[in-house]
Amino acid sequence: MPDAILVERARRGDAEAFEGLVRRHYRAAYGVALAVLGNQMDAEDVTQDAFVRALERLDELRQRERFAAWLLQIVRNRAKNFRSYQRLRTGPPLDTVNPVSDGRTDGAVEQAELRGQLETALAELNELQREVVLLHDLTGLKHREIADTLGMSEGMSRQHLFQARRILRRRLGAGVFEEYADE
Amino acid sequence: MNDERIDFTPLDPNRDPERFEARVGAILAAARTRLAARRTRETVLGQLAVWWRPLLAAAAIAGIVSALTLAGNQAPSTPTDSEIGVAEAIGVPVQIAQWVRSDVTPGPTELLATLETGQ
Numbered sequence: 002m003p004d005a006i007l008v009e010r011a012r013r014g015d016a017e018a019f020e021g022l023v024r025r026h027y028r029a030a031y032g033v034a035l036a037v038l039g040n041q042m043d044a045e046d047v048t049q050d051a052f053v054r055a056l057e058r059l060d061e062l063r064q065r066e067r068f069a070a071w072l073l074q075i076v077r078n079r080a081k082n083f084r085s086y087q088r089l090r091t092g093p094p095l096d097t098v099n100p101v102s103d104g105r106t107d108g109a110v111e112q113a114e115l116r117g118q119l120e121t122a123l124a125e126l127n128e129l130q131r132e133v134v135l136l137h138d139l140t141g142l143k144h145r146e147i148a149d150t151l152g153m154s155e156g157m158s159r160q161h162l163f164q165a166r167r168i169l170r171r172r173l174g175a176g177v178f179e180e181y182a183d184e
Numbered sequence: 184m185n186d187e188r189i190d191f192t193p194l195d196p197n198r199d200p201e202r203f204e205a206r207v208g209a210i211l212a213a214a215r216t217r218l219a220a221r222r223t224r225e226t227v228l229g230q231l232a233v234w235w236r237p238l239l240a241a242a243a244i245a246g247i248v249s250a251l252t253l254a255g256n257q258a259p260s261t262p263t264d265s266e267i268g269v270a271e272a273i274g275v276p277v278q279i280a281q282w283v284r285s286d287v288t289p290g291p292t293e294l295l296a297t298l299e300t301g302q
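Those protein sequence lines, which keep their order, are chains L and Y.
All residue numbers for the first sequence refer to this note's numbering, where the first residue is 2 and numbers rise by one.
All residue numbers for the second sequence refer to this note's numbering, where the first residue is 184 and numbers rise by one.
No lab work stands behind these hints, which were simulated from the structure alone.
All C-beta atoms, glycine included, are put in the ideal place defined by N, C-alpha and C.
Fair warning: there could be bad hints in the mix.
[Said to hold, decoys possible] The calculated label-pair distances, taken between Cβ atoms and stated as ranges, are:
1) L:Glu-155 / Y:Asp-195: 20 to 26 Å
2) L:Glu-114 / Y:Thr-226: 50 to 56 Å
3) L:Met-157 / Y:Glu-201: 36 to 42 Å
Bound conformation, chain Y alone (with noise of 0.2 Å):
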């Protein structure tokens, strides 16, 4: 291999000090415009991002507290489709069955009644 280098300092930009900072110079000015676009840019961007987690966990919160008042605003809860299944399955008149659920104490009049009508 031929390891003679050729000697381009004639053509070297980095030469003339002078001429250099000119182009150097010139290619800034050129992109002075898309620099300052990209500042702006970035600017903006910036602004989402510092924004964008607190927003999130605000509206995280937000979630979470709706959901827990609309859940404690629902209706009292009722026997459950499985705890009525039951008592009728086993033949307690539904009456009978709602007496052993609440603390209502049926008087006798009302129990023989009850007993009676088989409901």
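The shape of chain L in the complex, shown without the other chains (with noise of 0.2 Å):
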């Protein structure tokens, strides 16, 4: 079902629309907050809020089938807004807790491991560098919806993933990188 048609359905109080749309956005909303903050739980929370408060604000999107690019804007102030806050708070960064630390499985310790290699990684990068990678290789957005979404051209977009993985691939060896045919 497309996106206008959830949208109108949500805006009338439809859960399941709702829901729908947080199942289909989920993965590029996480990926733009994690860009901006770095961290997974952070980036999670966000997300959270992001999608409350954009069913609050729902009546304001006129394109209703350009509800992602707006999503992921909301996704993003808030992103930020939570960073100016976080920085003005003293104590250790969020990103130092580790929330399941006990009970896991040899798996989960390598996930974490390798989570915690990438988030490391993608510090290095600056902030357009991080939202285009994540964007394009996490939740596989093409360049024309990424320069939508980032006010930006598809060009800068494409300049920007360039060095993000080259960055990246200097960073954490070869291991990474699959072989995809780039769009």
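Since each chain comes alone in its own frame, lean on the hints to assemble the complex.
This is the structure in structure tokens:
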């Protein structure tokens, strides 16, 4: 079912329609939040907050078929606000807290290590590079969609992706790359 | 262009279905009251929408009936200004003009008296 129909139904309070939008766009929303914030826990919290905020503001969305780009803008703004707030606080950053440190299997430990490596490597990118590479390689958005979401040209999106991958390759080695045809 | 996509699987929120479902559930729980408010609002608006057209139609009918009633209750028509003006313009006495417009036939005495007075 197209986004526009789900949005219209969610606007009337249809919980199933709203859930459909959440399931469809969660990964992209999370990817944007992760790009801005750099760690899983904060990204999940901001993603949740952004979906609820989007529901509150759903009447403001005129072009309902553009829900995804609109949502990602909300995520981005919420994530930046969260980061600003976080910088004002004292104490250790949240990404030093490991929420699943007990009772994990070897596979889970390995995944957590890989996640940590990726998050560390991503921290070396600038924000736009992180956003572009996560939106492209994690969420599978096309350059046209990324450009629309981030307010840049497709050419700039390609350039940021190229630079991000080069930095990550240097930082992580060849193990994290997979061969894909690029659009 | 570098065409090697980075494997971000460890960061993929859909990788762990249990965690993903928990996150979706948390979002839906947080949205529950807002969705309920939207349903309530929609119900009120829906009722208004349902009644809006019949109310408009009823108002239109009431307006037409009122206008017709008012028109029907107006005083009987009298000679128009233009008719009086024409009769006077050609020098016909007012009384004679009224006889012409009505079915009353004046008697000879009335006719003579009117012609003498010229009114």
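Tested hints:
Against the hinted window of 20 to 26 Å, the Cβ-Cβ separation of Glu-155 of chain L and Asp-195 of chain Y comes to about 25 Å, which satisfies the hint. Between Glu-114 of chain L and Thr-226 of chain Y the beta carbon distance is about 52 Å. The supplied range of 50 to 56 Å therefore holds. Checked against the hint of 36 to 42 Å, the C-beta distance between Met-157 of chain L and Glu-201 of chain Y comes to roughly 38 Å, which is consistent with it.
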